[in-house]
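> Each chain, written out:
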Amino acid sequence: MQLDFTPEEEAFRLEVREFIEAEYPQPLRDKMNAGAAPNKQDYVTWQQILHRKGWIAPRWPEQYGGTGWSPTQSYIFDEEISAAQTPRVMPFGLTMLGPVLLSFGSEDQKQQYLPAILDSTTWWCQGYSEPDAGSDLASLKTQAVDKGDHYLVNGSKIWTTYAHYADKMFCLVRTSSEGRKQQGISFVLLDMNDPGVEVAPIITNNGLHTVNQVFLKDVKVPKENLVGEEGAGWTIAKYLLGHERTVIAGVAASKQQMKRLKTIAEQETQQGQPLWQDNRFRDRVAEVSIDLLALEQTNMRVLSDESAGRGPGPEASLLKIRGTEIQQMITELLAEAVGYYGLPYHKEVLLSGWGETEPVGPDYAAPLLPHYFDWRKSSIYGGSNEIQKNIIAKAVLGL
Amino acid sequence: MQLDFTPEEEAFRLEVREFIEAEYPQPLRDKMNAGAAPNKQDYVTWQQILHRKGWIAPRWPEQYGGTGWSPTQSYIFDEEISAAQTPRVMPFGLTMLGPVLLSFGSEDQKQQYLPAILDSTTWWCQGYSEPDAGSDLASLKTQAVDKGDHYLVNGSKIWTTYAHYADKMFCLVRTSSEGRKQQGISFVLLDMNDPGVEVAPIITNNGLHTVNQVFLKDVKVPKENLVGEEGAGWTIAKYLLGHERTVIAGVAASKQQMKRLKTIAEQETQQGQPLWQDNRFRDRVAEVSIDLLALEQTNMRVLSDESAGRGPGPEASLLKIRGTEIQQMITELLAEAVGYYGLPYHKEVLLSGWGETEPVGPDYAAPLLPHYFDWRKSSIYGGSNEIQKNIIAKAVLGL
Amino acid sequence: MDYQLNELQQMLQQSAEKYIERDYDFLTRQSRAASDLGYSQQQWQQFAELGWLGLPFNEEDGGFGGGAGEIMVLMEAFGRGLVLEPYLASIVLSGQLFARLGNTEQKADLLPKLIDGSCKLALAHSEPGSRYELERVQSKADSNDASYLLSGQKSVVLNGNDADYYLISARTGGAGDIDAEGISLFLVAADSPGLTVRGYRTADGLQAADLTFEQLEVAESALLGEPGNAFEAIEWCFDQGIAALSAEALGCMEILHQTTVEYLQTRKQFDTPIGKFQVLQHAAVDMFIALSQSRSMVYLAADRADSARDQRRAALSAAKNFIGRAGRLMGQSATQLHGGVGMSDELNVSHYFKRLTTINTWLGDDNHHLAQYSDSLL
Amino acid sequence: MDYQLNELQQMLQQSAEKYIERDYDFLTRQSRAASDLGYSQQQWQQFAELGWLGLPFNEEDGGFGGGAGEIMVLMEAFGRGLVLEPYLASIVLSGQLFARLGNTEQKADLLPKLIDGSCKLALAHSEPGSRYELERVQSKADSNDASYLLSGQKSVVLNGNDADYYLISARTGGAGDIDAEGISLFLVAADSPGLTVRGYRTADGLQAADLTFEQLEVAESALLGEPGNAFEAIEWCFDQGIAALSAEALGCMEILHQTTVEYLQTRKQFDTPIGKFQVLQHAAVDMFIALSQSRSMVYLAADRADSARDQRRAALSAAKNFIGRAGRLMGQSATQLHGGVGMSDELNVSHYFKRLTTINTWLGDDNHHLAQYSDSLL
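Residue numbers (this note's numbering), protein chains in the order written: chain A, 1457 to 1855; chain B, 1457 to 1855; chain C, 21 to 398; chain D, 21 to 398.
Watch out, some of these pointers could steer you wrong.
What the hints assert, rightly or not - Using 25 Å as the maximum straight-line C-alpha spacing, the simulated DMTMM-like pairs for lysine to aspartate or glutamate come out as follows:
#1 Lys1711(B) to Glu1466(B)
#2 Lys1718(B) to Glu1634(B)
#3 Lys1850(A) to Glu1722(A)
#4 Lys1711(B) to Asp395(C)
#5 Lys1718(B) to Glu153(D)
#6 Lys1803(B) to Asp365(D)
#7 Lys1496(B) to Glu153(D)
Said to hold, decoys possible - Restraint-style ranges between C-beta atoms, simulated for each label pair:
#8 Glu1464(B) to Arg218(C): 28 to 36 Å
#9 Gln62(C) to Glu1722(B): 54 to 62 Å
#10 Lys1673(B) to Leu367(D): 18 to 26 Å
#11 Pro1571(A) to Thr48(C): 51 to 59 Å
#12 Pro1657(B) to Thr232(D): 55 to 63 Å
#13 Gln1723(B) to Ser171(C): 48 to 56 Å
Said to hold, decoys possible - Just a few of them, taken from the derived set where beta-carbon distance is under 10 Å, the chain D residues facing chain B:
#14 Tyr152
#15 Ala223
#16 Pro293
#17 Phe297
#18 Gly359
#19 Lys374
#20 Thr378
#21 Ser394
#22 Ser396
Worth flagging that the hints you see were computed from the coordinates, not collected in a lab. Heads up, the beta-carbon is just placed ideally off N, CA and C, and yes, glycines get one too.
The shape of chain A in the complex, shown without the other chains:
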């Protein structure tokens, strides 16, 4: 047992940190530090910087552009990226579709799609949820009718993150209504520019446009865009859910937010003192901080098991639940810290920071309450926390 990182691991951390320090563009950095939401160009800019360094797909096999890092190295990389508050790497191509193609795709599909994922020239989105199939994903209704060389797809996807940025979509569709409902699902790729694809924005409770409803009307999907066998969609979806579970805890990002919370609470005043001096406030932060430490240690223990060749045990399933609960608590404390100045709503600041404008109240205050509202999504998406608990009850506890 040796819970600290090794000197080699610490050296790697330094390398990552220095790279970010050197390559993270200042204007983007300023915008991100202001708590503004990155736009498409911001994401692509940063991803392409990572790509040029060869660090865009740490968990892919080396021959396809991966880094060959150990799980611990990948974790350290995530920590540094989060600490620097860069835009996050969009998961749709890199951590979702990529591994799926690598495991289930044809050689042609790999050749065709992987390079453009790596260099961020194709933006993918994920077509899973439907208006009538949220937590009960398997009841999805989008139909793909076999027309010989292609499928004719009709239906609708919802909560599709950045569909309005996307060039392509990977998508679960129903190719059969026979048998158990899981069996008739297939995994297909389609082009967002195809006739019949229509993207309708959904504004969420922070007033911003991130997710969409996507309508699919008589969209032709060539048969070569089927990934894996027809009817293998559910297997692929489950494979993805199990994938990269150690990342979903979001520990590194939460640690970064805890630092931000402390910084803010040191600047806010209460009864003429820094708010951070108030035991009552700081104790609440301390409890979340301990919870985060426990989550981090659990995350690392799971990683260590992985490194020791023991695949992520059942512990991995709890990371999403606790990870999102803690993220939400931190957003709540951040909003609380700024008191009345959490209330003003400035949409333009959420999009691009205060810039030259004199801020209303402290410059860090504006995004905090919208972030709090927005992060309520984290216990809903990716399988709601209730669903996660159902899974643990059944799969782990045998109930």
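Fit chains B, C and D to the known structure of chain A by using the hints.
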């Protein structure tokens, strides 16, 4: 809207208080103040004092020995009794069987049983739960076979409070296994001295003997001991569950315990100051205190609705849930307040106080941790809090 | 002991609920919120016609002599409708404060216009750095012949964006920045030279403003009450605001609870209404429990709003803390139980959630009032 | 980064778990607890034979040179068995403290007897009124020629009922009662004249004692370490105790979790195993989550038990806080999910619940350590 008590109500409160002050025997008072558990004689002594005053059965009709008080007066009476920390009035005869006999019993049964309930010469116990029928009361298995002029009863009851004190038991038995399982249940009275009745003590987590398992082997129950119709047992049981719901919140007792908590925290020291001065501790007490205030106001609002002729609304159902949660929190805070001196376990002190013996640590400390353990029962018995929520979900929310 | 609404209150409740049902459906509310003003002047005139704007004022001042119980009934209905009009800012907080401190002449001048809807007020008390501490006032009012010169800043003034007059607190004396003594209150016209108003929307779709003023000159007649003596009244009016906000929160919670239960009854997943899942049932029950107890605390707040100071402050802090926590539970649970739909701006759920969240912040959040209440136990 | 047990630890784990399984079933445990001594001297000798009593001591002192990681493994197994023998008191706390402060002669005298099981120690540090504050020592040791005169009281000394020697802390200097400087530690025989030991059982079936001493004379050679310099070592040994207790708690939680899940699988109500009810499922999942994370915190505690002071104290406070909260959740939930059966003294559930509760109190409860940790963030 006039949330305070009227002058008449306050005068009544004073009358009750003065009565208790004059009549509550000092030795019993000392024992109760020490947090010791009353024994049979203690209960009977106090109940007979109330009986002599005519105050033993506030909610019975006047003609049968009731007081004719308004719901508010009854509530005030409960508050004063709790504040004085007298032994509680045992509910089995007075608030359970009594109302059942009044509503469902024959004239003979009323004549035979009610007087001895009022003067506490008969101690009743309640035979509901069975080893295989806890929350699912209707699945009870104790059989009563019709033998002409009597039933032959076989089975077993469990968690029977003070069965070892009891002269008689009212009891749910199965007189038929036809139809829905609720339908074959009957309500009968039996004598604890009957051949075939055996009481086995169950020691609970505080180390004390309060509850029992009662074995019934070929116990003869004369037909005249059947209350109501054969098969009406479930109706009677449900009637009882709905009865006196405003008492179960235990607000008055909890208010008394909150006072005790403050007194103790003023005597305990921390960092050379009274513990009560510590914001961190006091804030936790404050939150419970606010929760208790909200419960009290809700309790009174329900009472007010009752007085206004609107029977207890659905709000009444939540009183048990919140009442027990708050009771449990208070026992937890009390144990926390005394730190290390919560740990020593002195069974004899739990039974009769320190008496002449020099206490280990502060004299109030010994019962606190055992009380905490013991009060975990309150969210289990009387329909567990989970069952209560099921009921609200179904009956109130229509889910 | 009596928790029943009296006849006047029942009447008010009926008319307010009817008004909300008829004139304040969610889509209309959203279009009013999106307008330049952020609410409807026409509705405000309706409020005047219904007598609501005069509700808490004495009959000799042209009002109806209502108290916290009547305001409670109104605000609960406003909560159900997510009402945008500045009733809390202009009537409950500023109006009552003005009526309490102003002399006969000042009242005769302004109250009729307030009551007929032609004039609106906003209370400018909190400052950057004061957080929820009412005594902490740094703004200064220097006496200068027959006038005062006001300098300072005021933070997040509720409905400060379009008030005709501000009630500005400033220090004419006192030992340092946190003395309850020495705080004075001034009536300042919105168009006064030297006053900068920076308005904005708030997260709940309402609006507010930051004020800056430097050597802003007001006549002596702008002073409300005795110099240096305004604190007690300010504190009192914050408590009136707390009682009113709590009632508004109750209205929000009612709708959220009702909407959520209906959603659970109708939304299907796994071939069954999701309200059949026990975990979701119990979450809905927890909402129900919070709602019921919130009603009790709202009654208590209204009942205690005119009690003696210590009793009043403790009860109001208890209420604000409870309502804050209950509102958080209601908002978060309603969102969670609605799933993705609960996140959408198009549905009312997210707006009730946001309003409950900002209500918790206004006039001191749950943790502030827990501390206040806790200290009152000493 | 490596969270795997090393070979020695794995071996220890196997032997300890085997021992618990073979020699420490619940009924045997209960009969030992009911005996006069409250545990089994025979088992204690077994501990000696298995080498456990010498585990943390240096090889030159006759020990095995184990550290917090090895103690962790042992204590986790002890938690599973609800072990009664005074390993925490005599070895982890007192033994290690003695070994750290004692000189060669003192160690040569006592350690062999400690390691072979013929002698037991108890640490008498906390006092009435000191609560969990380690610096607060009122007991006095007055120097008197070649001896010291000790006067004071010690509270709830773990296993103080049958120790052969006490480590008694007393003040030989320092400014007032709460100075970390000036605290000395003395080795005092249980049968010393002037020492009154009042023993009793504790709520978890273990035992403890209150000590009173007045002008109790001990030789200069009873002083451990430099005069006035014991505080740092006492603090360190409390942290070793915290790491060990946390591991014991983990063992308790494992059994509670396993027992509860089995109960949910087998107990039927409403014609179905109660584990089919979603609310109970999620409660069991919450227990599972608490258990998993507790394991991580126990590892962290062991790993940090010998780190530099500030880092060590913060990590150990975090662990003790987390374990305290997790233990409460586990105990309360296991009781609730077992229903009436969980209240019974006859079943093991109530005993694990009680032990987890007292573990939270020992060496500072969750709220104390939250405050400690919180203050370390400043």
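> Each hint: holds or not?
Here is what the structure says about each hint:
1. This hinted pair checks out: Lys1711(B) and Glu1466(B) have alpha carbons roughly 18 Å apart, not beyond 25 Å.
2. Note on Lys1718(B) and Glu1634(B): the hinted pairing is violated, with a Cα-Cα distance of about 56 Å set against a maximum of 25 Å.
3. A threshold of 25 Å between alpha carbons decides the hint, and for Lys1850(A) with Glu1722(A) the separation of about 45 Å lies outside it, so the pair is violated.
4. Taking the CA atoms of Lys1711(B) and Asp395(C), the gap is about 18 Å. The hint holds against a cut of 25 Å.
5. Between Lys1718(B) and Glu153(D) the alpha-carbon distance is near 21 Å, which keeps this suggested pair within the 25 Å criterion.
6. Only pairs whose Cα atoms come within 25 Å are accepted, and Lys1803(B) paired with Asp365(D) is accepted, the gap being roughly 14 Å.
7. Between Lys1496(B) and Glu153(D) the alpha-carbon distance is near 43 Å, which puts this suggested pair outside the 25 Å criterion.
8. Remark: the range hint 28 to 36 Å for Glu1464(B) to Arg218(C) is contradicted by a beta-carbon distance near 57 Å.
9. Restraint check, Gln62(C) to Glu1722(B): a C-beta distance of roughly 59 Å satisfies the suggested window 54 to 62 Å.
10. For Lys1673(B) and Leu367(D), the hinted distance range of 18 to 26 Å is satisfied, since their beta carbons lie about 25 Å from each other.
11. Roughly 53 Å separates the CB atoms of Pro1571(A) and Thr48(C), a value that falls within the hinted 51 to 59 Å.
12. Between Pro1657(B) and Thr232(D) the C-beta distance comes to about 37 Å, which lies outside the given range of 55 to 63 Å.
13. Judged by the Cβ atoms, the range 48 to 56 Å given for Gln1723(B) and Ser171(C) holds: they are separated by roughly 51 Å.
14. Of the supplied interface hints, the one on Tyr152(D) holds, with its beta-carbon coming within about 7 Å of a beta-carbon of chain B, less than 10 Å.
15. The criterion of a C-beta within 10 Å of any C-beta in chain B is met by Ala223(D), whose closest approach is roughly 5 Å, and the hint holds.
16. The interface hint given for Pro293(D) is broken, as the beta carbon of that residue sits about 12 Å from the closest beta carbon of chain B, more than 10 Å.
17. For the restraint placing Phe297(D) at the interface with chain B, the shortest Cβ-Cβ distance is roughly 8 Å, inside the 10 Å limit, so the hint holds.
18. Interface hint at Gly359(D): satisfied, since its Cβ lies 5 Å from the closest Cβ of chain B, which is below the 10 Å cut-off.
19. Proximity of Lys374(D) to chain B holds as hinted, the smallest CB-CB distance being about 6 Å (cut-off 10 Å).
20. With 10 Å as the threshold, the beta carbon of Thr378(D) comes within range of chain B, its nearest partner Cβ sitting at about 6 Å, so the hint holds.
21. A distance limit of 10 Å between C-beta atoms decides the matter here; for Ser394(D) the minimum to chain B is near 9 Å, and the interface restraint holds.
22. The restraint placing Ser396(D) at the interface with chain B is violated, with a minimum CB-CB distance near 15 Å, outside the 10 Å limit.
In the structure shown, a violation is registered for the earlier hints numbered 2, 3, 7, 8, 12, 16 and 22, in ascending order.
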